Amino acid sequence: MNLKDIISDIVRLIDNRDFSCEKGFPDTITTRSGIQISYISDVRYKIELFKDIIKADLKHPLNNISNNSLYDICRNSICDLYTEKTLHEGIEDNSRSHIKKLKKEIEERVHMSLTTLTHHFPAHTCLFPLSEAISIGPVTFYPNLQWVKKLELHDNYTQQTLAPDEDLVNWKEELIKLTDPLERYESENHIANRIYSIIKKSNTILEIEIKNFEFNLSRKLAKIATQATIDSFSLIFNNEGMFKQQNLYEHPTLPFSFNTLASYKGRLVYPGMTLTERTPVYNGATISTFLNENKEFIDSAGNIIDSVINIKNYPNKDLSIRWTTSLNWYAEAQREQDDAIALAKIGISLDVLSGGGEWVGILEMVKNILGLDDQHVIFEKPHKTVLKEFISDLYNKGRSQIVHGNHIDRLIPFEQERKKASKMCRVILMASAHNLMNYSGDGSHNAFVKMAHR
Numbered sequence: 001m002n003l004k005d006i007i008s009d010i011v012r013l014i015d016n017r018d019f020s021c022e023k024g025f026p027d028t029i030t031t032r033s034g035i036q037i038s039y040i041s042d043v044r045y046k047i048e049l050f051k052d053i054i055k056a057d058l059k060h061p062l063n064n065i066s067n068n069s070l071y072d073i074c075r076n077s078i079c080d081l082y083t084e085k086t087l088h089e090g091i092e093d094n095s096r097s098h099i100k101k102l103k104k105e106i107e108e109r110v111h112m113s114l115t116t117l118t119h120h121f122p123a124h125t126c127l128f129p130l131s132e133a134i135s136i137g138p139v140t141f142y143p144n145l146q147w148v149k150k151l152e153l154h155d156n157y158t159q160q161t162l163a164p165d166e167d168l169v170n171w172k173e174e175l176i177k178l179t180d181p182l183e184r185y186e187s188e189n190h191i192a193n194r195i196y197s198i199i200k201k202s203n204t205i206l207e208i209e210i211k212n213f214e215f216n217l218s219r220k221l222a223k224i225a226t227q228a229t230i231d232s233f234s235l236i237f238n239n240e241g242m243f244k245q246q247n248l249y250e251h252p253t254l255p256f257s258f259n260t261l262a263s264y265k266g267r268l269v270y271p272g273m274t275l276t277e278r279t280p281v282y283n284g285a286t287i288s289t290f291l292n293e294n295k296e297f298i299d300s301a302g303n304i305i306d307s308v309i310n311i312k313n314y315p316n317k318d319l320s321i322r323w324t325t326s327l328n329w330y331a332e333a334q335r336e337q338d339d340a341i342a343l344a345k346i347g348i349s350l351d352v353l354s355g356g357g358e359w360v361g362i363l364e365m366v367k368n369i370l371g372l373d374d375q376h377v378i379f380e381k382p383h384k385t386v387l388k389e390f391i392s393d394l395y396n397k398g399r400s401q402i403v404h405g406n407h408i409d410r411l412i413p414f415e416q417e418r419k420k421a422s423k424m425c426r427v428i429l430m431a432s433a434h435n436l437m438n439y440s441g442d443g444s445h446n447a448f449v450k451m452a453h454r
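Take 1 as the starting number for the sequence shown in full-length UniProt numbering and just add one per residue.
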């Protein structure tokens, strides 16, 4: 179905609207001419079809818009031109003039929606309150106090706030005092209290700039990039617990501790307490050492994330996206509390990185990246395990059987398999990031399989 036919159907349905068969409320919109129109679900469906065709035809950077926002623009443009009779005139003339005007209107509105924004994500990290900011690619980690010291308010904030005018004078000084870990301070400044109530729930702000995107898609891309960055940071510590300690605030995070309650013969015994892996384990000097020792990987990961957000004209952008997707599966495996599910996620991580080559593809990828043969002994205990056997078991007995429901006994232990798979996958992710930065081959889905050991 083409755009002309879809618009003809929409005009006919609005002209002859019948709400008697509608199960829900109709959509109602006020157009720019001040006329209010309502339409039924059939029109909504036609607008969705229209939007999909428009989306497929949009050129860069106009395609940097979310589906929901593009739907709103298409709907508003159609309704505006409907009430202005532009659509009726084009249909009566049996021309395409109304379609050209409509497409021009939509493209202008899409262009106006594109903007450059800096996104700030509260996060839990291992940084200390007085630590210096660190950067990985396009993302900067600011301890809350450092972020507050550089913060300025936009006119939009000052115009919309309900705070009294005097609060605009000293809000920053008050906010610094509230955020300073060496002070115990209470403020009556509404602006300072409002911002502090948001950032105090975590200890770090992750900051990234996204250029030439519509707001909703801009934030989605920023979130993907910052999550990949915080997971890359966690990867260097060789400690699965760091993924539980470090995460965006808006994602689920373990408590620092929990209590166990149990009764014996109907009477409550003394509660136990367990510390989780949220508990910090590194001091500032140790963190700096990890960053320095892993500078090559940090630089590679930063370049990959640069590519993901379109900063660099990188020839293998799709491979960068594939790497960050694989990292996301691995990171969620580390945060997973169930060993079997975690093992399945690690298998999926390797499957994504190898381009869906199942266990044979994963084996070839690991052999090439690490420069090993399939009979190389990778684990000595509890028994000698060669690479081929390990990858086959990980994929077939682990990932596939767990995902396909062949392991339904939740008490079967997978703790050791999880630990071994985590070690292997971490090494592959770090090595493949370095390989990608030196890769000049094609960007096919299984390119990581073909990358040789460097």
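Worth flagging that the hints you see were computed from the coordinates, not collected in a lab. Bear in mind that the values here come from a model prediction, so they are computed numbers and not experimental data. Worth double-checking, as some hints may not be accurate.
Only pairs whose alpha carbons sit at most 25 Å apart, straight line, appear in this in silico PhoX-like list of lysine-lysine [to be verified]: (1) Lys103 to Lys85; (2) Lys4 to Lys55; (3) Lys55 to Lys101; (4) Lys420 to Lys381; (5) Lys388 to Lys423; (6) Lys419 to Lys59; (7) Lys101 to Lys244; (8) Lys150 to Lys101; (9) Lys244 to Lys220; (10) Lys244 to Lys265; (11) Lys85 to Lys59; (12) Lys150 to Lys172; (13) Lys317 to Lys381; (14) Lys4 to Lys23; (15) Lys317 to Lys100; (16) Lys100 to Lys85; (17) Lys103 to Lys59; (18) Lys201 to Lys55; (19) Lys244 to Lys211; (20) Lys211 to Lys55; (21) Lys367 to Lys419; (22) Lys265 to Lys223; (23) Lys211 to Lys59; (24) Lys381 to Lys265; (25) Lys103 to Lys150; (26) Lys149 to Lys103; (27) Lys200 to Lys265; (28) Lys85 to Lys149.
Right, here's what the structure says about each hint:
The straight-line distance between the Cα atoms of Lys103 and Lys85 is roughly 16 Å, inside the 25 Å bound, and the hint therefore holds. A threshold of 25 Å between alpha carbons decides the hint, and for Lys4 with Lys55 the separation of about 16 Å falls inside it, so the pair holds. Using a Cα cut-off of 25 Å, the hinted pair Lys55 and Lys101 holds, with the two alpha carbons roughly 17 Å apart. Between the alpha carbons of Lys420 and Lys381 the distance comes to roughly 11 Å, so the proposed pair stays at or under 25 Å and holds.
Distance check on the hinted pair: Lys388 and Lys423 sit about 16 Å apart at the alpha-carbon level, within 25 Å; holds. Our distance criterion of 25 Å between C-alpha atoms is broken by Lys419 and Lys59, whose separation comes to about 46 Å. Proximity of Lys101 to Lys244 is assessed by CA-CA distance (about 53 Å); at most 25 Å being required, the pair is judged violated. Distance hint between Lys150 and Lys101 is unfulfilled; the C-alpha atoms sit about 46 Å from each other, more than 25 Å.
Taking the CA atoms of Lys244 and Lys220, the gap is about 22 Å. The hint holds against a cut of 25 Å. For the hint pairing Lys244 with Lys265, the CA-to-CA distance comes to about 36 Å; that exceeds 25 Å, so the pair is violated. Only pairs whose Cα atoms come within 25 Å are accepted, and Lys85 paired with Lys59 is rejected, the gap being roughly 28 Å. Proximity of Lys150 to Lys172 is assessed by CA-CA distance (about 9 Å); at most 25 Å being required, the pair is judged to hold.
Distance check on the hinted pair: Lys317 and Lys381 sit about 40 Å apart at the alpha-carbon level, beyond 25 Å; violated. With a C-alpha separation of about 28 Å, the suggested pairing of Lys4 with Lys23 is violated against the 25 Å cut-off. The hinted pair formed by Lys317 and Lys100 fails the criterion: a straight-line CA distance of about 33 Å is larger than 25 Å. Annotation: proposed proximity of Lys100 to Lys85 holds, straight-line Cα distance about 15 Å (limit 25 Å).
Of the supplied pair hints, the one linking Lys103 and Lys59 holds, its CA atoms being roughly 13 Å apart against a limit of 25 Å. Among the hinted pairs, Lys201 with Lys55 is inconsistent with the structure: their alpha-carbon atoms are about 39 Å apart, more than 25 Å. For the hint pairing Lys244 with Lys211, the CA-to-CA distance comes to about 31 Å; that exceeds 25 Å, so the pair is violated. The suggested pairing of Lys211 with Lys55 holds, with an alpha-carbon distance near 19 Å, which does not exceed 25 Å.
A distance of roughly 20 Å separates the Cα atoms of Lys367 and Lys419; the hinted pair therefore holds under the 25 Å criterion. Between Lys265 and Lys223 the CA atoms are separated by roughly 50 Å; this puts the pair beyond 25 Å, and the hint is violated. Note on Lys211 and Lys59: the hinted pairing holds, with a Cα-Cα distance of about 16 Å set against a maximum of 25 Å. With a CA separation close to 42 Å, the supplied pair Lys381 and Lys265 exceeds the 25 Å bound.
Between Lys103 and Lys150 the CA atoms are separated by roughly 42 Å; this puts the pair beyond 25 Å, and the hint is violated. Proximity of Lys149 to Lys103 is assessed by CA-CA distance (about 46 Å); at most 25 Å being required, the pair is judged violated. The suggested pairing of Lys200 with Lys265 is violated, with an alpha-carbon distance near 44 Å, which exceeds 25 Å. For the proposed pair Lys85 and Lys149, the alpha carbon gap of about 54 Å is over 25 Å, so the pair is violated.
Checked against the numbered hints listed earlier, the structure breaks hints 6, 7, 8, 10, 11, 13, 14, 15, 18, 19, 22, 24, 25, 26, 27, 28; every other hint is satisfied.
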